[in-house]
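These protein sequences, in sequence, are chains L and Y.
Start counting the first sequence at 1; every next residue gets the next number (my numbering).
Start counting the second sequence at 167; every next residue gets the next number (my numbering).
Errors might be hidden in some of the hints.
The calculated label-pair distances, taken between Cβ atoms and stated as ranges, are [said to hold, decoys possible]:
| # | chain 1 | residue 1 | chain 2 | residue 2 | range |
| --- | --- | --- | --- | --- | --- |
| 1 | Y | R204 | L | L151 | 19 to 27 Å |
| 2 | Y | F256 | L | H144 | 35 to 43 Å |
| 3 | Y | I191 | L | G47 | 44 to 52 Å |
Quick list of in silico lysine-lysine cross-link-like pairs, DSSO-like style, CA-CA up to 30 Å [said to hold, decoys possible]:
| # | chain 1 | residue 1 | chain 2 | residue 2 |
| --- | --- | --- | --- | --- |
| 4 | L | K150 | L | K164 |
| 5 | L | K150 | L | K44 |
| 6 | L | K164 | L | K44 |
| 7 | L | K44 | L | K157 |
| 8 | Y | K201 | L | K157 |
| 9 | L | K164 | Y | K253 |
| 10 | L | K146 | L | K164 |
| 11 | Y | K253 | Y | K201 |
| 12 | L | K150 | Y | K201 |
These are computed hints drawn from the structure, not numbers from a lab.
Virtual Cβ for every residue (Gly too), placed ideally from N, Cα, C.
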Amino acid sequence: MNELLGVAIAAIIAWLNFVIIDTLMGLPEVPGVQGADIVGRSIKNRGGDLAGGFFQGNILCSPDASAGTLLASIGVMLIGLEGGLIAALFVFIGNRLCADPGFAGTTGALTMTIIVVCFSHLGFTPEMFIVGMVIAITTIQGIHHKTSSKLIGNIAKRMGRYTKLN
Amino acid sequence: MIIILSETFLLNYLIAIVTSIIIAIGIKMPVLPEKPRRFSWTNSALFPTPIIAIGLLAICFSIKFLWIYDGMVLAMIIGIISPLVVKYLFNYVFPNPPVLLEEENE
Numbered sequence: 001m002n003e004l005l006g007v008a009i010a011a012i013i014a015w016l017n018f019v020i021i022d023t024l025m026g027l028p029e030v031p032g033v034q035g036a037d038i039v040g041r042s043i044k045n046r047g048g049d050l051a052g053g054f055f056q057g058n059i060l061c062s063p064d065a066s067a068g069t070l071l072a073s074i075g076v077m078l079i080g081l082e083g084g085l086i087a088a089l090f091v092f093i094g095n096r097l098c099a100d101p102g103f104a105g106t107t108g109a110l111t112m113t114i115i116v117v118c119f120s121h122l123g124f125t126p127e128m129f130i131v132g133m134v135i136a137i138t139t140i141q142g143i144h145h146k147t148s149s150k151l152i153g154n155i156a157k158r159m160g161r162y163t164k165l166n
Numbered sequence: 167m168i169i170i171l172s173e174t175f176l177l178n179y180l181i182a183i184v185t186s187i188i189i190a191i192g193i194k195m196p197v198l199p200e201k202p203r204r205f206s207w208t209n210s211a212l213f214p215t216p217i218i219a220i221g222l223l224a225i226c227f228s229i230k231f232l233w234i235y236d237g238m239v240l241a242m243i244i245g246i247i248s249p250l251v252v253k254y255l256f257n258y259v260f261p262n263p264p265v266l267l268e269e270e271n272e
């Protein structure tokens, strides 16, 4: 498969994987730690959305589905299926050390392991998913916080996970 | 690079998951965390016990440590050990859940 096309499709899959799982697991609802609260309110003060800000603060402060997605891809690239499962265990340990129950990170790592293994039969390599995930996380955390937090806020509203805090 | 999965390995993971869930229920761990589940810190039979079991088994398989019967006995042993670790050793290893600000104010 063409490498650039593969990376583009992998980026879309990785983006959907981590955004859907993180939103379902309630990241936009409450800040897990004080740091996430500060990030969320800072983004809101700059014209962004509070739920989107909490989401960004939470993925900044603990390894959630975004880290799970990236680490599972790296694990599968290095040692195959075992790597993805080890990544899920390590992400869970990291979650618990970072004051997070660990549902989002572990689920993200496990789903990404399954996705990478299945898509390897269609010509996608784990490397494509690693690059794709870096691009996906850059679109949320790296380009424009105001716009990305509003987008996440909209997704959270549609999935019934919008924050009740002010 | 096509990742081919060995049926024996998949069976071993399944054995580890099933054993860990059965043992966890046997030692009276809750089957599911209390609601709302996504914010719950309770260790249950379905989470994180099987995750720890398959993670430990994957570490053993990644260093090619299969022991006897292609790793099946190892899968069962890890399936028995992980619920015990989660129930009796977890709180020594991991920090307690953070206390919420509202609770602190009360």
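- Item | Earlier hints that do not hold, by number | 9
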